[in-house]
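Asks: Please work from the sequences and hints to get the whole structure.
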Amino acid sequence: EPEVTQTPSHQVTQMGQEVILRCVPISNHLYFYWYRQILGQKVEFLVSFYNNEISEKSEIFDDQFSVERPDGSNFTLKIRSTKLEDSAMYFCATGTSGYNEQFFGPGTRLTVL
Amino acid sequence: GDSVTQMEGPVTLSEEAFLTINCTYTATGYPSLFWYVQYPGEGLQLLLKATKADDKGSNKGFEATYRKETTSFHLEKGSVQVSDSAVYFCALSGGAAGNKLTFGGGTRVLVKP
Chain A
1 EPEVTQTPSH QVTQMGQEVI LRCVPISNHL YFYWYRQILG QKVEFLVSFY
51 NNEISEKSEI FDDQFSVERP DGSNFTLKIR STKLEDSAMY FCATGTSGYN
101 EQFFGPGTRL TVL
Chain B
114 GDSVTQMEGP VTLSEEAFLT INCTYTATGY PSLFWYVQYP GEGLQLLLKA
164 TKADDKGSNK GFEATYRKET TSFHLEKGSV QVSDSAVYFC ALSGGAAGNK
214 LTFGGGTRVL VKP
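Protein chains in written order, with my numbering: chain A, 1 to 113; chain B, 114 to 226.
If you are wondering where the hints come from, they were derived from the structure by calculation, not from laboratory data. Backbone N, C-alpha and C define an ideal beta-carbon position, used for all residues, glycine too. The reader is advised that the hints may include incorrect statements.
[Stated by the list, open to error] These stretches of chain A come out as covered by chain B in the derived footprint (C-beta under 8 Å, 3 or more residues):
hint	segment
1	11-22
2	34-46
[Said to hold, decoys possible] Under 7 Å between C-beta atoms, here's a sample of chain B residues computed to sit facing chain A:
hint	residue
3	G156
4	L157
5	G218
Replies: Structure (structure tokens):
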């Protein structure tokens, strides 16, 4: 069964450093999402991406964040200058349409020191 | 904006007990409703969904009915197993909020043998 994969599974970085989190979507999926879950809190929407552009973003998704599909397969989330409060589990999700279920990857745990 | 409220856990049960996790939502328009499950150390997996009022989603012995009149989507299972121990998330998408998922806070369920 096809699945969404994410790398790395765990990333440790120093405050102020840039990180790139990678996701490989299910091959025929066209809609891509990033969510995050700070330890003990809700899963929060960050951004949705369709047709090579952002379709919606939350207020969390400020100028330090960016997304792209650099090679038509990977879907990446870049955090330019990490802060302590960016420590969270980041989930990639993909879907075949805008209103159907989303399929989640296993997540990347980001720890900012 | 849209929101989802679900009962706080942890919920501790014995094997073969009946499980109910309450979920209510606030949304404009006609959202789709989902239950996702997160097993220890894993990502979010879709458990079941319902896309319109009075629809019943079911999977793996779990059921939930979309109740528009009470804005609820309670999850039930008649006889739980130890393997059902996980965190369960109620979520919605669609309606006026677009295609992002809005999650409840999650309910941890622990089933003891």
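Asks: Of the numbered hints stated previously, which ones are contradicted by the structure, given in increasing order?
Replies: Number 1 only.
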